[in-house]
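Same order as they appear, the protein sequences are chains A and B. To convert, note that position 95 of the first sequence is 95 in our numbering; the numbers rise steadily by one, no gaps. For our numbering, add 325 to where a residue sits in the second sequence, where the first one is 1.
Source of the hints: derived by calculation from the structure; they are not laboratory data. We put the beta carbon where it would ideally sit given N, CA and C, even for glycine. A hint or two may mislead.
[Claimed, not checked] Here are the simulated SDA-like pairs of lysine to any residue, each with C-alpha atoms no more than 20 Å apart in a straight line: (1) K623/B <-> F218/A; (2) K565/B <-> A497/B; (3) K623/B <-> L118/A; (4) K623/B <-> D417/B; (5) K565/B <-> K623/B; (6) K623/B <-> T122/A; (7) K623/B <-> V60/A; (8) K623/B <-> L120/A; (9) K623/B <-> S123/A; (10) K623/B <-> R121/A; (11) K623/B <-> A117/A; (12) K565/B <-> R496/B; (13) K565/B <-> T489/B.
[Unchecked claim] The following residues of chain B were derived to be distant from chain A, with all beta-carbon distances above 12 Å: (14) A479; (15) W483; (16) A497.
[To be verified] Calculated Cβ distances over 10 Å to all of chain B for the following chain A residues: (17) L23; (18) N84; (19) L89; (20) D152; (21) R159; (22) L191.
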Amino acid sequence: MDSARREWLLNSALALALFVVPLWAWIAGEPFIITLATRVAILAIAAVGLNIALGLGGMVSFGHALYLGIGGYVAGIAAHHAFNGTPVLGLPGTNQMLPVWAIAMLVSGGVAAVVGALSLRTSGIFFIMITLAFAQMGFFFALSWPAYGGEDGLPIFMRNQFPGMNTNRPWDLFLIAYAVLMAALLVFALLRAARFGAALMAIRQNPDRAAAVGISPFGIRLTAFILSGMITGLAGAMMADLTRFVSPAMMAWTMSGELIVIIILGGVGRLFGPVAGAAILVGFEVFFGGVTEHWKLWLGLVLLAVVLFARGGLIGLIAGRARHG
Amino acid sequence: MTLALVLEQLLNGVQFGLMLFLMSAGLTLVFGVMGLINLAHGSLYMIGAFLCAAVAGATGNFWLGLLAGIAAAAAAGALIEVVVIRRLYDRDHLDQVLATFALILILSEGVRMIFGPFPLYLNVPDLFRGTVRLGIVDYSLYRLALIGFGLAVALGLWLLIAKTRLGIRIRAGESDREMIAALGVNIRALYTVVFALGAALAGLAGALVGAIQSVQVGMGEPVLILAFVVIVIGGIGSIKGAMVGALLVGVIDTMGRFLLPRAFALFLDTSQAMGVGAALASMLIYLLMALILIFRPKGLFPAHG
Numbered sequence: 001m002d003s004a005r006r007e008w009l010l011n012s013a014l015a016l017a018l019f020v021v022p023l024w025a026w027i028a029g030e031p032f033i034i035t036l037a038t039r040v041a042i043l044a045i046a047a048v049g050l051n052i053a054l055g056l057g058g059m060v061s062f063g064h065a066l067y068l069g070i071g072g073y074v075a076g077i078a079a080h081h082a083f084n085g086t087p088v089l090g091l092p093g094t095n096q097m098l099p100v101w102a103i104a105m106l107v108s109g110g111v112a113a114v115v116g117a118l119s120l121r122t123s124g125i126f127f128i129m130i131t132l133a134f135a136q137m138g139f140f141f142a143l144s145w146p147a148y149g150g151e152d153g154l155p156i157f158m159r160n161q162f163p164g165m166n167t168n169r170p171w172d173l174f175l176i177a178y179a180v181l182m183a184a185l186l187v188f189a190l191l192r193a194a195r196f197g198a199a200l201m202a203i204r205q206n207p208d209r210a211a212a213v214g215i216s217p218f219g220i221r222l223t224a225f226i227l228s229g230m231i232t233g234l235a236g237a238m239m240a241d242l243t244r245f246v247s248p249a250m251m252a253w254t255m256s257g258e259l260i261v262i263i264i265l266g267g268v269g270r271l272f273g274p275v276a277g278a279a280i281l282v283g284f285e286v287f288f289g290g291v292t293e294h295w296k297l298w299l300g301l302v303l304l305a306v307v308l309f310a311r312g313g314l315i316g317l318i319a320g321r322a323r324h325g
Numbered sequence: 326m327t328l329a330l331v332l333e334q335l336l337n338g339v340q341f342g343l344m345l346f347l348m349s350a351g352l353t354l355v356f357g358v359m360g361l362i363n364l365a366h367g368s369l370y371m372i373g374a375f376l377c378a379a380v381a382g383a384t385g386n387f388w389l390g391l392l393a394g395i396a397a398a399a400a401a402g403a404l405i406e407v408v409v410i411r412r413l414y415d416r417d418h419l420d421q422v423l424a425t426f427a428l429i430l431i432l433s434e435g436v437r438m439i440f441g442p443f444p445l446y447l448n449v450p451d452l453f454r455g456t457v458r459l460g461i462v463d464y465s466l467y468r469l470a471l472i473g474f475g476l477a478v479a480l481g482l483w484l485l486i487a488k489t490r491l492g493i494r495i496r497a498g499e500s501d502r503e504m505i506a507a508l509g510v511n512i513r514a515l516y517t518v519v520f521a522l523g524a525a526l527a528g529l530a531g532a533l534v535g536a537i538q539s540v541q542v543g544m545g546e547p548v549l550i551l552a553f554v555v556i557v558i559g560g561i562g563s564i565k566g567a568m569v570g571a572l573l574v575g576v577i578d579t580m581g582r583f584l585l586p587r588a589f590a591l592f593l594d595t596s597q598a599m600g601v602g603a604a605l606a607s608m609l610i611y612l613l614m615a616l617i618l619i620f621r622p623k624g625l626f627p628a629h630g
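If we strip away everything but chain B, and leave its shape as in the complex, we get (with noise of 0.2 Å):
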């Protein structure tokens, strides 16, 4: 086991983080403004990566798929907010489960008759082919622009957050939603932006994973379980939050993977050792998830302190 491969292993974590945190940035917003628990968050990214695959596979210009991409599920999630989530915003979160599990399973099922069963396939734009050499280390040059296009968008949105008029309105939202409509801000629209923002967000996540990945019916769920294990440790709400949980979620995901039946091999026979260190490495993040939540159980930077 060489530095170099530690140290692949630890940016491949960091850029598996800030793609979670693309993903999770939407959920908690919605969560943490709305009050609602959006299942179909996954969805908004499957989407987000068979517009994109399908309109570079067309057009043979991935840049223009991202767009496609990142427009098709922005307009899929203001449609689905105005037609369906509304309803929900006033209910238990029962409902919102239920109602949004039936969203995923309309969403699915109308991807899947849209562009049928068979995977698509994404390359990696020519700009970001190969590799690049990081010190000790050949890194893949897309990942390392998806590290880049990750923290460009963090700032974006911190700046979106922090410095405009629109996110002012949001973290008003948040505190207190029944004051800012007194207050004359238009709050169902304001909903609507929110929710279309959150789901452009995973689009764009699900759009850039595509070229690393084959894109398929069912690739948003995983990352839809883990984008909540993610605001449930960095504390649902917060967007700074849901940066640290999703790095911690990535880089510990990553490294349990590589480390672990590595660490094994010291005492266990090779064979054995794999097959403990995998399972243990992959129950890792939902064992800190269960420890976060039963020692902090608002996480760790709860949004409504």
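Bound-form chain A, shown alone (with noise of 0.2 Å):
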């Protein structure tokens, strides 16, 4: 069997695991582990935004949890406002998903726009370093701005509605992250299999190059780091839905370590690898976290391991190495 069919079969037990075993805890009346599945589906989503970035573009974004942040707040603000009624900026506020999603991301990609602008204008360690510089500052931002709760973060008293659904049943919340989490999919694989992923490859892999047969590495490289931004501000949106809680925590630079964590422990530039990786790391948050308190150290031994000698994570380790780098 060839790789690449091993890898197709694998993201189809993906898919279909991520949505049977929520599927038998509805049954079973568990809605504990619903929601562990739900987390697992709306880090998967952050992560494949990411993933646009890191593994198709090769731009190791260190201040990613920024555009978490700003989907959380945004949904964090919008519900704050519905609630007391007062308006923002002139408009009401929104206690439906479907508005709340449109501004994260319109406000997480102009965020990126020009965080990307000016990042893009380095590369290598200094790229890192001004990416997470620029997530530093939303951090202090939100930490010492008084207005939405400062330090002590903002709480969410009613979820958001989506029409049709009631967002406080747990299945239902699943069903509608499980829905945007194939939708990024989708996203993700149609821009990889288009003439702009096959760019931006090109790009990641000789900039030189890529240049010299009129690929303008910087518009490509930039409309990529946008579309990342945006991916993962609509995340951080449903994640603030889903913990009904928006904190300066969600900004962290540790957040951004966990989001590249996750595309390596499922394996970069895998159309699936978020979702494995998003699976590992609750898996082992949850299984480990009942058995030792020091959970973290054996995360932290397994990320070593895979870094040093299972470059491709868990997808590159079953269904072999990426065809190309």
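Put the two chains together into one complex, using the hints given.
Have a look at this one:
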């Protein structure tokens, strides 16, 4: 069985498992497991976003928690104003998911455009550090801005609504997250297969050659970076709704690190890498977190082993190395 | 707002900057010589602080604690260099970031397992208790001692790099590692020594700062991020850049937090001014870093000009 077929089978198994496990939990009446699966799906959406920049474009953004946090705060602020009945920037607050998602993607895309345009002037370690610096700016801004809770964070008293669904039921919320995850994966697959994806990967492998055949590295990279920020921002809005709480911790640098870890554990640039990685991370936290309070020690050891000895992540381990770099 | 208060804040800024320099010097050396991003540098700072607090607590002697902190950080540095870091030198930055992120998880949990979840407290040594009169300001003697200590270590480090055989090898390693290996220098041993030296400086900073902060797991990470800001501003690999960057970051951060809320209070009401001023002040150094990277993408003093 060749590796492309094995990867296809593995992807199908992952997509199916992420649906069947919470379905079983729904029937068995285990809401905790449904919520865990929802968390996996939302983290996976955030990582799909980062995978566009990091996996396809080779841009090591160490600041993607910024977009997660922006999305989260958009949802939190909209719900806050809807709850109080006060306007924000002249608009009424809202408790509907669809407009919140649209605004979250717009705002995080706008911020990603500015951050990307400035950061892409640098490369290598400087790119890593400048993306980190921008995320830290957001983190400290959220931490010290008192209007929306500052370091205490902002609770969401009423979860945002979705037409035709009751978002207070875990199973309904899971279905929404699962559908968005599948849509995000479809966007990733279409991008990768399109001329845009080919150009982006060509630039990652050799920017000079790509430029020589008439591809402008800056424009393509910036577009990918913006798309990447938008998808992660969407995940942030959903994460805020899941936990019904937004805090600066969503923008902390460790969160940026965790998003990269998810991609690495699953497999860089692989379509289902973020799904596998998010499942491993959440599974690890729940399983080992129940056994020992020092589960992060074991996570660190596993991560170290993956980086040193199994560079393709879980999908690379099962389906073999990617066909090209 | 009095002149004495401004002067005191300025001294605090310099003191903070010099402690940042101790952290940054190791980070920038390791990057300059080995080309490695080491996120676990903050964990070495934490190890230095914990060992110092534990030994000083047990023996009642701060200076024994300080020695223990430095030695433990250097030993931990040498150990992780040999076991893990050595395998990362010819990997890309992404692998280095991840592997050292994993090391942070391991070292933080390791310290939590050994010392427990509660913060330790480290007292200022008796010798430096109290304040001292400097012209118009009463200043903490310990903080003044930290300034002196920082300057002395900086001078020592400069002498080491500029005047000794080890320093010559370090500088040669920065400019051409194949060449000095070909000339018969044991490059692997040199790397271990440089890493342990950087770790010892981080441990020293952790132990010294531990006496004015609580010693707890996770204390290294905020300092680590600031040290990255410092070396990126100063130019990665340059000790001089680290010194200038550290003082800039220390003074701008401290003065920003002190002055900006007061400046906004001139035209906003007090509570609003406090909010806006504090928010802007905490972003100030990241803004500075972004500006410097945009206009001088290799920092103020690029090491490989």
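Of the hints stated earlier, which fail here?
Every hint satisfied by this model.
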